[in-house]
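*Asks:* Residues per chain are reported as follows:
Number of protein chains: 2
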Amino acid sequence: MISGEFELIKQLAEFSKESPESLELQDDGAIISCSNNRLVLVKDLVQAGVHALENDSLCDVVRKAILVNLSDLAAMGARPKFILLGLCLAKNTDPDQLAAVAETIRIECDKYSVSLIGGDTVVGLGPTTISVTAIGELVLEPILRSGAKIGDDVWVSGVIGDAALALRLLQSDTNSHEFNCLSFEQRSTVIARYYSPVPRVELGMNLSGIANSLIDVSDGLFADAGHIASTSKLSLQLDLSSVPLSPAFAQWSMHVDNFDLMLSVLGGGDDYELLFTAPMDNREQVESMATKLALKITKIGNVTTGNKVVVTNDGVVINADSTGFTHF
Amino acid sequence: MISGEFELIKQLAEFSKESPESLELQDDGAIISCSNNRLVLVKDLVQAGVHALENDSLCDVVRKAILVNLSDLAAMGARPKFILLGLCLAKNTDPDQLAAVAETIRIECDKYSVSLIGGDTVVGLGPTTISVTAIGELVLEPILRSGAKIGDDVWVSGVIGDAALALRLLQSDTNSHEFNCLSFEQRSTVIARYYSPVPRVELGMNLSGIANSLIDVSDGLFADAGHIASTSKLSLQLDLSSVPLSPAFAQWSMHVDNFDLMLSVLGGGDDYELLFTAPMDNREQVESMATKLALKITKIGNVTTGNKVVVTNDGVVINADSTGFTHF
Chain A
1 MISGEFELIK
11 QLAEFSKESP
21 ESLELQDDGA
31 IISCSNNRLV
41 LVKDLVQAGV
51 HALENDSLCD
61 VVRKAILVNL
71 SDLAAMGARP
81 KFILLGLCLA
91 KNTDPDQLAA
101 VAETIRIECD
111 KYSVSLIGGD
121 TVVGLGPTTI
131 SVTAIGELVL
141 EPILRSGAKI
151 GDDVWVSGVI
161 GDAALALRLL
171 QSDTNSHEFN
181 CLSFEQRSTV
191 IARYYSPVPR
201 VELGMNLSGI
211 ANSLIDVSDG
221 LFADAGHIAS
231 TSKLSLQLDL
241 SSVPLSPAFA
251 QWSMHVDNFD
261 LMLSVLGGGD
271 DYELLFTAPM
281 DNREQVESMA
291 TKLALKITKI
301 GNVTTGNKVV
311 VTNDGVVINA
321 DSTGFTHF
Chain B
1 MISGEFELIK
11 QLAEFSKESP
21 ESLELQDDGA
31 IISCSNNRLV
41 LVKDLVQAGV
51 HALENDSLCD
61 VVRKAILVNL
71 SDLAAMGARP
81 KFILLGLCLA
91 KNTDPDQLAA
101 VAETIRIECD
111 KYSVSLIGGD
121 TVVGLGPTTI
131 SVTAIGELVL
141 EPILRSGAKI
151 GDDVWVSGVI
161 GDAALALRLL
171 QSDTNSHEFN
181 CLSFEQRSTV
191 IARYYSPVPR
201 VELGMNLSGI
211 ANSLIDVSDG
221 LFADAGHIAS
231 TSKLSLQLDL
241 SSVPLSPAFA
251 QWSMHVDNFD
261 LMLSVLGGGD
271 DYELLFTAPM
281 DNREQVESMA
291 TKLALKITKI
301 GNVTTGNKVV
311 VTNDGVVINA
321 DSTGFTHF
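So the sequence lines, in the order shown, correspond to chains A and B.
Numbering follows the numbering used here, with no gaps: position 315 of the first sequence is 315.
Numbering follows the numbering used here, with no gaps: position 278 of the second sequence is 278.
Hint data in this document are derived by calculation from the structure and do not stem from the laboratory.
Model, not experiment: these values are computed from the prediction.
Each residue gets a CB set at the ideal place from its N, CA and C atoms; glycine is no exception.
Be aware that a few hints might be false.
Claimed, not checked - Heads up, simulated PhoX-like pairs for lysine-lysine below, C-alpha to C-alpha not over 25 Å straight-line:
1. K111(A) <-> K292(A)
2. K149(B) <-> K308(B)
3. K299(A) <-> K233(A)
4. K81(A) <-> K149(B)
5. K111(B) <-> K81(B)
6. K81(A) <-> K17(B)
7. K17(A) <-> K81(B)
8. K111(B) <-> K17(A)
9. K91(A) <-> K91(B)
10. K296(B) <-> K111(B)
11. K81(B) <-> K81(A)
12. K17(B) <-> K111(A)
Claimed, not checked - Residues from chain B shown here face chain A by an in silico Cβ test under 10 Å; the list is partial:
13. L8
14. K10
15. D27
16. V42
17. E103
18. L116
19. G124
The following block holds chain A by itself, in its conformation from the complex (with noise of 0.2 Å):
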């Protein structure tokens, strides 16, 4: 963030109002009708070096590009259809890579039942740099980041804090002890969380009806869970000893034995679980989805007044500023 960027955003979300469409640029994309149809439009750029790893394969920025993408649409409960690409490679791109890249769009696109439908591809000054168009059809009715209810249980998907473990494994010294409670296959686990996200696309078709609001953990579970917040006027009390943690987060945090440190990775984002809340009387509805889908769905919070994020530790309050944590 630059001095003024902030501001930008805040005039194009106001002269966006004048559009429904654009959900005055508060959501995780747009939604357009369209005879009686809704399409859902998301796009989120990815660069070498700022999202992703300065020495990460042209492969690994594709895919993740793709994937936080069609998480967007995850967070907006709808079913993606379409992808447009626009890559811009950095000059001194492997040719030999290539192939292997349009293999990588095509296997994704495949897994998701996404139509890469166009964009375009240069070869520009500075590191690749790829924007996605994501687009999705809504099946049922959105679920915006606002509509969260006094008395909604907070819930998110999956383990929290893997990817942000990943990045700073990955940039950690070689001499480092840090992460030798990890076994090989925990820290590939790990890893695999932060390059290979699972956008949780079958989850957020079948919130709607279901949850009030919904994100997905990408700036980090703290920030996120602010943005619900803020865009609802509420606030979201979290129990930190709730948050679902892989073992190898447990083992790690047990390892090092540092709070701030934890609680930073845990907030570090980049995670692409759904986070949601729902009113109280849908519990079991959504404990069955859990069963259903065969994913850990885990209520970590509720939806009080105010108009923050409160984290919680054994009932001692550990965060209570409105903004949640950022990680950058």
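Using the hints provided, position chain B relative to the given structure of chain A.
*Replies:* Below, chain B alone, put in the same frame as chain A:
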């Protein structure tokens, strides 16, 4: 273009064939159906230093990124409706520019009755890179590149060559006498054609039922004629002396008196005029539309059998390669 890039695009086009929406990645955009409506989606990326001059102001780059995408919609005969904007800002972006950037976006959106509905803003590591996704609706039938028929007239709107001439002027040595022949007003007009191309939206929307094939002149007149030729599997015979020039271009051309140079600037691209083919029987309709839109539309050639662009000058063939000129 780096080695392998063409192969990548070919591979992507290959598997996108399965989706009719992609038009095999051969046209200016994609078409998706939505109940009874059809939407056209285009996505073109602009990078400072590549598609714009390194020292161009951020406003100029943003404006151009929007306009070239609206031109792609015009080239499909679609009515622009929405844009999504992916802004990857250079780190050294002057924050004081950003209010003007927001205002530029608002002005261009207003001018073309387009709503900004989404996108993202990030600060990157390279030069400013802007990816625009523009969405239009098809009022009538789309006009593809591939629809040219034998016997069609070839038409082009406006004048050709000014934008490339402006680029040459902007990059010229301050000591050069090449542009002495142009008045300050002429230079300003030519330069405006480079920075503020006018997407021919009204013309594009009105060509349905009249034109058989359509493209916007972005790569260059001869290269884009080549795209119609190759996708239509026919030849375009162009008469050089018919190509409409601005007084400034004609004056500069006489002044430099260098046929090859003139030809390369004429085919230099960035014109964002519409190039189309239409049956001879529709001549009157084209001409009355030109009057209605107060827009110059000039017949510059014919469609014949073959698979290339043939440019003649006073009856002499001056270029008969199959791809047409390319300017980089």
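*Asks:* With reference to the structure, classify each hint as holding or not holding.
*Replies:* Verification of the supplied hints:
no.	hint	verdict
1	K111(A) <-> K292(A)	holds (20 Å)
2	K149(B) <-> K308(B)	holds (14 Å)
3	K299(A) <-> K233(A)	holds (21 Å)
4	K81(A) <-> K149(B)	violated (34 Å)
5	K111(B) <-> K81(B)	holds (12 Å)
6	K81(A) <-> K17(B)	holds (15 Å)
7	K17(A) <-> K81(B)	holds (15 Å)
8	K111(B) <-> K17(A)	holds (17 Å)
9	K91(A) <-> K91(B)	holds (19 Å)
10	K296(B) <-> K111(B)	holds (21 Å)
11	K81(B) <-> K81(A)	holds (20 Å)
12	K17(B) <-> K111(A)	holds (17 Å)
13	L8	holds (4 Å)
14	K10	holds (9 Å)
15	D27	holds (9 Å)
16	V42	holds (7 Å)
17	E103	holds (8 Å)
18	L116	holds (5 Å)
19	G124	holds (5 Å)
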